[in-house]
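Generate coordinates for the entire structure from the input sequences, incorporating the hints supplied.
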Amino acid sequence: MNPEEPVTISCPYCGESQVKVVDLADMTGEYIEDCEVCCQPMILVLSMPANKLTATVTREDE
Numbered sequence: 581m582n583p584e585e586p587v588t589i590s591c592p593y594c595g596e597s598q599v600k601v602v603d604l605a606d607m608t609g610e611y612i613e614d615c616e617v618c619c620q621p622m623i624l625v626l627s628m629p630a631n632k633l634t635a636t637v638t639r640e641d642e
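First residue of the sequence shown? That's 581 in the numbering used here, and the numbers climb one at a time after it.
Simulated from the structure, these hints should not be mistaken for lab results. Ideal Cβ placement from N, Cα and C applies to all residues, glycine included. A few of these clues could be false.
[What the hints assert, rightly or not] Each pair of labels, with its calculated beta carbon distance range:
#1 Q620 with P583: 26 to 32 Å
#2 M628 with S590: 18 to 24 Å
#3 I612 with L633: 17 to 23 Å
Shown next, in the form of structure tokens:
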């Protein structure tokens, strides 16, 4: 497995899809990152069931 993996997400504010590259060696499980399109803060919750990287994205104000 690569130490970095791409994951495709959709912004919960503007709905735009974007690809984020996640460093698996330093995966904390949850972090905040700004949308590349609308600059709103998104909470990314990362998990890896069955060795497949998944991300759940929510608004910071929820």
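Here is what the structure says about each hint:
no.: 1; hint: Q620 with P583: 26 to 32 Å; verdict: 29 Å, holds
no.: 2; hint: M628 with S590: 18 to 24 Å; verdict: 20 Å, holds
no.: 3; hint: I612 with L633: 17 to 23 Å; verdict: 18 Å, holds
Hint violations for this structure: none, all hints satisfied.
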